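Model the full structure from these sequences, guided by the hints.
2 protein chains.
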Amino acid sequence: MGSILNIRVILVEPEHEGNIGSIARLMMNFGFSELFIVKPMVKLGDETRAYASHAQKIITDAIIVNDINTALAGVNYTIGTTSISATKPGNLLRTAITPEELVKTMVIKGKVALLFGRESKGLSNIELAKCDIVVSIPSSPIYRTLNIASSSALIFYELWKSKNKDQRGYIEESSRQNRERLVKLFDKILEINVLPTYKKKLTSKAFQNIVARAFISKREATLIIGALRQTIQKLSSSA
Amino acid sequence: MGSILNIRVILVEPEHEGNIGSIARLMMNFGFSELFIVKPMVKLGDETRAYASHAQKIITDAIIVNDINTALAGVNYTIGTTSISATKPGNLLRTAITPEELVKTMVIKGKVALLFGRESKGLSNIELAKCDIVVSIPSSPIYRTLNIASSSALIFYELWKSKNKDQRGYIEESSRQNRERLVKLFDKILEINVLPTYKKKLTSKAFQNIVARAFISKREATLIIGALRQTIQKLSSSA
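Chains A and E supply the protein sequences, listed in that same order.
Per numbering that gives the first Met the number 0, residue 0 is the first one in the first sequence, and the count goes up by one each step.
Per numbering that gives the first Met the number 0, residue 0 is the first one in the second sequence, and the count goes up by one each step.
For the record, the hints were derived by calculation from the structure and aren't laboratory data.
If you're wondering where the values come from, they're calculated on a predicted model, not measured in any experiment.
Careful, some of the hints might be misleading.
Any copy will do: because identical chains look the same in the list, a pair fits if it lies in one copy or spans two.
To be verified - Below are the DMTMM-like pairs computed for lysine to aspartate or glutamate, each with C-alpha atoms no more than 25 Å apart in a straight line:
| # | residue 1 | residue 2 |
| --- | --- | --- |
| 1 | Lys120 | Glu46 |
| 2 | Lys217 | Asp131 |
| 3 | Lys110 | Glu190 |
Printed below as a string of structure tokens:
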């Protein structure tokens, strides 16, 4: 599992080593490897490497270029990022979509460039004009502007997810059969307890609800099924 | 639009100023304000403030405490984060869900703590055991571990989105006391069932997990508590 999409990350005149390093690490976290840096404003030194952590290779392999057009050579789609999205619908240059909207429609085989601007003032209008699509992250109106490492985290993650959709969480989920068995056993206990019918129904539904909303794992279901079985045995033998 | 959810962010022994500052900024970006820091390993100095950017107030207002229990005072739900999620389905302590799964079911009015561990080694098992729910970010198997500032970006953003979408159905959540009562009653049944100790512990943890992940409602808890009480009575009278 190398690069999951044919993505080139391009940092335009980044000003802080910590961000360059953080982005390199995030690239590796989410399966990207190609980093271009246009005129870095700092040396890629110790701090960059500290923040990159185990993603040193991405820093070592990073290609430093002098202008944005060189960085965009061979690119099929260019995606820019901005925190200043259009307030007036007429501003087509900064008409931005969210990362989720981006991945929803993005079906691209060619090379895609993801452009991140300067920490201090983002991408210029001239740079944004080179972008096919502009992405902006919804955030609090009190403080809209995300750090570029944070923005990249959110965009990389959406891209990663869209490519790894079938990969859900880490829980080995229980089968529907297992969940139904679990609920049946619980119902059996309610039966033995001789609850009024309406209360039996409600309590059963409550139990079903929590089993469902919890996304109960196979292991958890097995354990609780075991306990309920034993309970029923005890209850029955005492009857 | 102040704090969008009643969230307390808790950093446990953070080791790098840049991360503390970045997280403060992200909190403000996504509408959170309450920051607790348990035994910071660094001073909150110039670097912290540089990374915090316009979120200085969050740093100034941050509450420094000496132990995690103090930080968790008054909290109704504790959500831990880990990059080491269970590889074996048997490991109930690190049975983690994704940020998306978290927000899918989370409807909480009480105080929610979001716990982030040390950069070097995360949260300990003892600390994770204090968590109702553990969240982990899916990432590349080549390099799983995200920086805590990156993790917090992804989790904060999901919370922000979930709050700024259409409101979902309203669930009156159960109190911590009620949930504890529920688990205690379930434990009591396991006790009566005379399970081997290790299995009792696992089964109890499985039950705790699903109760927590389901964000069980007050009504649901009350109903199941009733059923368990009756079961215990029956079991006891038959002994």
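Next item on the list: First find the shortest C-alpha distance between Lys110 and Glu190 inside one copy, then the shortest across copies, and answer within, between, both or neither for a cut-off of 25 Å.
Entry: neither (32 Å within a copy, 37 Å between copies)
Next item on the list: Please work out whether the CA atoms of Lys217 and Asp131 approach to 25 Å or closer within one copy, between two copies, in both situations, or in neither?
Entry: both (16 Å within a copy, 19 Å between copies)
Check: When no copy is specified for Lys120 and Glu46, does a C-alpha distance of 25 Å or less occur within a copy, between copies, both, or neither?
Finding: The answer is both: 22 Å in one copy and 20 Å across copies each meet 25 Å.
Violated hints amount to a single one, hint 3; each of the other numbered hints is respected by the structure.
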